[in-house]
Amino acid sequence: MRFLTISGPPSSGKTSVILRVIESLQDRKKKIGVVKFDCLLTDDDKLYAKKGVLVKKGLSGALCPDHYFVSNIESCVTWGHENGCEYLISESAGLCNRCSPHIKEITAVCVIDNLSGIGTPKKIGPMLKSADIVVITKGDIVSQAEREVFASRVKQVNPGAIIMNVNGITGQGAFELTSLFEDASDIETLKGKVLRFSMPSALCSYCLGETRIGEEHQTGNIRKMEI
Amino acid sequence: MKDTALFHKPMTETLTQHPYIEDFLTSFGLVVKPDTNSLQHYLDNLDPDNLEDLGISKDQLCQSLDDFLTGMLALSDPMDKVEALTIIGGHDKSGNAEELELTLKPGEVICIVGPTGSGKSRLLADIEWVAQGDTPTKRKILINNQVPDSKWRFSTEHKLVAQLSQNMNFVMDLSAEEFIRMHAESRLVTDPEEKVAQILQQANELAGEQFAPDTPVTSLSGGQSRALMIADMAILSKSPIALIDEIENAGIDRKKALDLLIKEEKIILMATHDPILALMGDRRLVIKNGGIHKIIESSAAERKNLVSLEELDNKLLALRNRIRTGDTLENI
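Each protein sequence line maps, in turn, to chains A and B. To convert, note that position 104 of the first sequence is 104 in our numbering; the numbers rise steadily by one, no gaps. Just so we're on the same page, our numbering is the position in the second sequence counted from 1, plus 227.
Careful: at least some of the hints might be erroneous.
With a cut-off of at most 16 Å between alpha-carbon atoms, the simulated EDC-like pairs for lysine to aspartate or glutamate come out as follows [stated by the list, open to error]:
no. : chain 1 : residue 1 : chain 2 : residue 2
1   : B       : 490       : B       : 501
2   : A       : 224       : B       : 249
3   : B       : 465       : B       : 436
4   : B       : 365       : B       : 326
5   : B       : 465       : B       : 492
6   : A       : 104       : B       : 286
7   : B       : 482       : B       : 538
8   : A       : 122       : B       : 249
9   : B       : 367       : B       : 319
10  : A       : 57        : A       : 44
11  : B       : 365       : B       : 436
12  : A       : 31        : A       : 82
13  : B       : 483       : B       : 436
14  : B       : 236       : B       : 262
15  : B       : 378       : A       : 176
16  : B       : 542       : B       : 480
17  : B       : 365       : A       : 183
18  : A       : 193       : A       : 23
19  : B       : 367       : A       : 176
20  : A       : 51        : A       : 23
21  : A       : 104       : A       : 188
22  : A       : 123       : B       : 280
23  : B       : 320       : A       : 27
24  : B       : 515       : B       : 262
25  : B       : 365       : A       : 105
26  : A       : 122       : B       : 280
27  : A       : 123       : B       : 418
28  : A       : 123       : B       : 279
29  : A       : 193       : A       : 86
30  : B       : 521       : B       : 249
31  : A       : 122       : B       : 436
Cβ-Cβ distance ranges computed for the label pairs, FRET-style [claimed, not checked]:
no. : chain 1 : residue 1 : chain 2 : residue 2 : range
32  : B       : 301       : A       : 193       : 26 to 36 Å
33  : B       : 301       : A       : 212       : 51 to 61 Å
34  : B       : 412       : A       : 46        : 58 to 68 Å
Please keep in mind that the hints were generated in silico from the structure rather than gathered at the bench. In this text the structure is predicted, and so the values were computed from the model without any measurement. Note that beta-carbon positions come from the ideal geometry of N, C-alpha and C, so glycine has one too.
My request is simple: use the sequences and hints to build the entire structure.
Have a look at this one:
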């Protein structure tokens, strides 16, 4: 089973890109599963189900979404494998820019959009900087030169990645991206695998439900700004 | 890694010769204070806790720097010369064979015509992807009569194709001059300031209405944006093939624009329904149901008509200017 982790800032077009890739994989008669991770609510699982692919939805609720991801992804992979998926795609949003779901030896894709601003590529951490494939969306809204300038900023922070422009609405570029998916990591289980980068940590009173503001209520792993 | 010496020279020297290394390091959130110590010394002495906060490991940073330098050094390599681009037919949407083998040479202008949804974009995408029978149309693309290296597909340094899309919007908060400078820097041209001045001057010659270098790109008119992008493509782009998705009629001298691109010895493919642009092309590919249905060579009679079409166009343009300047059109 080919397994890929797809991540990207909220509203960058991850779901649209994945839907276009699914159409292209279905043309090639492949059986596909998708695991959608989100925080509070998502209806994207219905969009996937409508395409006739197997889908699992995970909502992290009051937990850190990427910690939730890493605690569940192994059983999701087993689920995909047991259900005979030829492709399994995990979709998760990187919400704090320091998190990343990418796993060593597992093909990692980051989706980022042209409208997010010239300074955005350097603001995003390992989710973008350690990805194997960077998909840039919403290129139809800006000029060629602006696409190039944006892509050069992405290249600066992740020079080793394959950078592709994909239009999530028309599907332009999705065919080409799918060709790359055919070479994605082929696995049966995530046992023994490690994350590409550690996740940000916090273990303080606020993690445990504290809501009061003030020095006297802060215990655990606390860091202070220099003021 | 081709140039290991730069890791061992004093940082002050390395950063003067390769200013983009500083940009690279600061884009990871690192602080650079150049001194007489080497780049290697700098990398060896990075604080692991700081790197952890920035979300990068030292190994990954060094790997990225290596990839980045390889890419930057490749930018100064000469571009492979494209003498011929060959399209070998595949099939249309109904599976009918597209029986053709078409070879295009630098300086040629080929127009692509056909209704919306007929497959014009797919043809342009096949060329950009240097398709090898692996796209829905099963077309094959040869460069210099050979199956090209697949590096063309993903290279950002040596892109085979530069595309000028119909959409000319900008969202970046930059002036025209800053924007073009940033674009020039991303291409690592040797004399960015001169190139920037050239592009702005050329764009002003193409545009119906002049604009100043400090005009924000977001407030350029449609015609000014197109003029800027065409000048940018002609002067900055090293890509031997230009794909143009319609040069709209308003606010730009289309003939001058096309001449400027031809001058740069590119192979030009242009999707258009504009009669003047279509007749300026050497050939027209008629797309129907996803396939190249017919090839029309621009005939002598058509070329003759081009003269009267241009007169007509100039007349309309003059009327447009009169409207713009507040004149009436009672006598035309």
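Status of each hint after checking the structure:
1. B/490 to B/501: violated, 21 Å
2. A/224 to B/249: violated, 29 Å
3. B/465 to B/436: violated, 28 Å
4. B/365 to B/326: Judged against 16 Å, a Cα distance of about 12 Å means the pair holds.
5. B/465 to B/492: The hint holds at about 10 Å.
6. A/104 to B/286: With a Cα-Cα distance of about 14 Å, the restraint between residue 104 of chain A and residue 286 of chain B holds, given a limit of 16 Å.
7. B/482 to B/538: holds, 13 Å
8. A/122 to B/249: Given pair residue 122 of chain A, residue 249 of chain B holds - Cα atoms ~14 Å apart, limit 16 Å.
9. B/367 to B/319: holds, 14 Å
10. A/57 to A/44: holds, 9 Å
11. B/365 to B/436: violated, 45 Å
12. A/31 to A/82: Roughly 12 Å between the alpha carbons, so the hint for residue 31 of chain A and residue 82 of chain A holds.
13. B/483 to B/436: holds, 15 Å
14. B/236 to B/262: Since the Cα atoms of residue 236 of chain B and residue 262 of chain B sit roughly 10 Å apart, the hinted pair holds (cutoff 16 Å).
15. B/378 to A/176: holds, 14 Å
16. B/542 to B/480: holds, 14 Å
17. B/365 to A/183: Violated. Residue 365 of chain B to residue 183 of chain A sits at ~20 Å, over the 16 Å cutoff.
18. A/193 to A/23: This hinted pair is violated, its Cα atoms lying about 30 Å apart.
19. B/367 to A/176: holds, 15 Å
20. A/51 to A/23: holds, 8 Å
21. A/104 to A/188: It holds: about 15 Å lies between the C-alpha atoms, which stays within 16 Å.
22. A/123 to B/280: Satisfied, since the Cα-Cα distance of roughly 12 Å is no more than 16 Å.
23. B/320 to A/27: holds, 14 Å
24. B/515 to B/262: violated, 64 Å
25. B/365 to A/105: violated, 32 Å
26. A/122 to B/280: holds, 14 Å
27. A/123 to B/418: Violated, because 29 Å separates the two Cα atoms, which is more than 16 Å.
28. A/123 to B/279: holds, 15 Å
29. A/193 to A/86: Distance ~20 Å between residue 193 of chain A and residue 86 of chain A Cα, so the pair is violated.
30. B/521 to B/249: Roughly 53 Å between the alpha carbons, so the hint for residue 521 of chain B and residue 249 of chain B is violated.
31. A/122 to B/436: Given pair residue 122 of chain A, residue 436 of chain B is violated - Cα atoms ~37 Å apart, limit 16 Å.
32. B/301 to A/193: 26 to 36 Å: holds, 33 Å
33. B/301 to A/212: 51 to 61 Å: holds, 57 Å
34. B/412 to A/46: 58 to 68 Å: violated, 45 Å
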